[in-house]
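Construct the entire structure; sequences and hints are all you get.
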Amino acid sequence: MKPWLSLLRPGDWLVAGAALAAVAVSFPLLWRGGPAEKAVVKRDGAVVAELPLNISKRIEVQGALGTSVIEVQPGRARVAADPGPRQYCVKQGWLTQANAVAICAPNHVTLALVGATGGYDSLNY
Amino acid sequence: MTASTTELAVTADDRRIARYAAAAIALTVAEAAIPSLLPGVKPGLANIVILIVLLRHGWREAVWVSLLRVVAGSLVIGQFLAPGFFLSLAGTCASLATLAFAARLPRDWFGPVSQSILAAFAHIAGQVLLARLWLVPHDGVFYLVPVFAASALLFGIVNGLAAAKFLKESAQA
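Chains Z and B are the protein sequences, given in the same order.
Heads up, the first sequence is in the numbering used here, so the first residue is 2 and it goes up one at a time.
Heads up, the second sequence is in the numbering used here, so the first residue is 3 and it goes up one at a time.
Hints listed in this document are in silico derivations from the structure and should not be mistaken for laboratory results.
Errors might be hidden in some of the hints.
[As the list claims (entries may be wrong)] Negatives, chain Z to chain B, calculated, CB over 12 Å: (1) 6; (2) 50; (3) 58.
[What the hints assert, rightly or not] Capping the alpha-carbon separation at 25 Å, the derived lysine-lysine pairs in BS3-like fashion look like this: (4) Z:43 / Z:3; (5) B:167 / Z:3; (6) B:170 / Z:92.
[As the list claims (entries may be wrong)] Derived coverage of chain B by chain Z (criterion: at least 3 residues anywhere in the stretch with Cβ under 8 Å from a Cβ of chain Z; other residues may be distant): (7) 115-121; (8) 149-163; (9) 166-174.
The beta carbon of each residue, even a glycine, is placed where N, CA and C say it ideally should be.
See below:
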């Protein structure tokens, strides 16, 4: 170890220290944000509720046919109940990934998970 | 064999540059065989040669060896004109630009390790910038910056120490 250390000159320590500080600063700066962050509930394309994914919650949304129940648990969300005839959005179960969508078309209600950055520019249905 | 009608004058400088470039290319090929934990994270062993050339013969020769290494090295490992080649070229150009300044730092205070660290950071900066502008036009690229920066620091120090030791021992011999 000693002979290697003797190869370092005073300024080298300075540069290495500054570089280490830059690395340390870059970690929290660039590693904020993550996968899915919140659930967005819409009725006829208008946002009804935005629920953070870190708090468990159940909300009821009045749709064209009746009441849809949206359930949020830490890190995931689902449509718990829906008056639609075929129950597609309910059968989809828990959504965990950012940009995942459950669409209850008959009741005009959608549930979408949103991350820090969208995976696409726009989505239409 | 028929004697060539054109004669290219080969100077001692040319031969020296070719020898250094050959050493750098050999290290590039050897490094390609080392499995990488993460794409983009590489030791950059060829930079040891570039540093030695820089400190012995100056920046101009370091540019020659460095660019020959990128072009010929990519031909050897089959990356020529592939995305990896352009990333390598962008990183190398940024490194050389930085070394133009780093080489002027007072030698008593700043050794090869300083130049190596500065060049390594410039290298990732050039690469990430090109990747952001061209390959992955999305800010997600920047999430990897901490990893790249940490590896630049580590390998910058290691390569710099290797170059410093080599220069010291060859000066004694």
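Structure-based check of each hint:
1. 6: Residue 6 of chain Z not clear of chain B: closest Cβ-Cβ about 9 Å, inside 12 Å.
2. 50: Non-interface label stands for residue 50 of chain Z: nearest chain B Cβ at 28 Å, farther than 12 Å.
3. 58: Fine: 29 Å to the nearest Cβ keeps residue 58 of chain Z off the interface.
4. Z:43 / Z:3: Distance of about 66 Å is beyond 25 Å: violated.
5. B:167 / Z:3: holds, 12 Å
6. B:170 / Z:92: violated, 71 Å
7. 115-121: Since 4 is at least three, the answer is holds.
8. 149-163: It holds: at least three residues are needed, and the segment 149-163 of chain B offers 8 whose Cβ sits within less than 8 Å of chain Z.
9. 166-174: holds (count 3)
Of the numbered hints given earlier, the model fails hints 1, 4 and 6; all others are met.
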